[in-house]
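Protein chains: 2
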Amino acid sequence: MIKRIEVFKENSFSDKNMKKFLLHDSSDFKILNFNFSPGQELPIHAHDIDGQLSIVVLEGSGEFLGKDNTSFSANPGDVLISDIREPHGIRAKSNMRVLVTIAPPI
Amino acid sequence: MIKRIEVFKENSFSDKNMKKFLLHDSSDFKILNFNFSPGQELPIHAHDIDGQLSIVVLEGSGEFLGKDNTSFSANPGDVLISDIREPHGIRAKSNMRVLVTIAPPI
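Going down the list, the sequences are from chains A and B.
Quick note: the first sequence uses this note's numbering, first residue 1, plus one each step.
Quick note: the second sequence uses this note's numbering, first residue 1, plus one each step.
A couple of the hints might just be wrong.
No distinction is drawn between identical chains; accordingly, a pair holds when it is met within one copy or between any pair of copies.
[As the list claims (entries may be wrong)] Okay, derived cross-link-like pairs now, SDA-like style, lysine to any residue, Cα gap no bigger than 20 Å in a straight line: (1) 16 <-> 89; (2) 30 <-> 102; (3) 30 <-> 50; (4) 93 <-> 43.
For the record, the hints were derived by calculation from the structure and aren't laboratory data.
If we strip away everything but chain A, and leave its shape as in the complex, we get (with noise of 0.2 Å):
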């Protein structure tokens, strides 16, 4: 199995609410796009379930978000590693386009 994604063609964006797509999703690992509009946010959250999730920031600035009201700056080619079961989330301030990576997949 091999295939290649370009993301930025397959997803867009929305006033209303942030737009999701699936890349994958297998026994290893499943991927996913958020793109968020200016103000969207993924909340804080978290799975009490095992396993690591990684946010990568393809596009576009904002904020990670963790427990506490935590909050480090997220631009470019910055990455956001978490456990499955540790508060995480994301806010844009601008056009902003992520990309999530979890494993085992949930």
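Once you have looked at the hints, place chain B on chain A.
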């Protein structure tokens, strides 16, 4: 566990070799950044083990490489997903930053 890594600040380019930077290595996945100068490549290779990998282009452009000399253009936001046992590689045309995620980790 939660951490942020500013990949663009952590790794540089070299005229001699691609520059490798390990972001993360856990029982869930391994995440690496490779920076290529024009003409540098990760030659086509494969490992005879289970698992999959993704290669995400963060910056710059080049080509994803597959078996039988196939190639696909590789631009920012493009993602290659491959079985680890399937031949895969990458070649840079410009300065190019990619992120490689391997699950389960090698």
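Structure versus earlier hints, numbers of those that do not hold, lowest first: As far as the earlier hints go, not one is violated by this structure.
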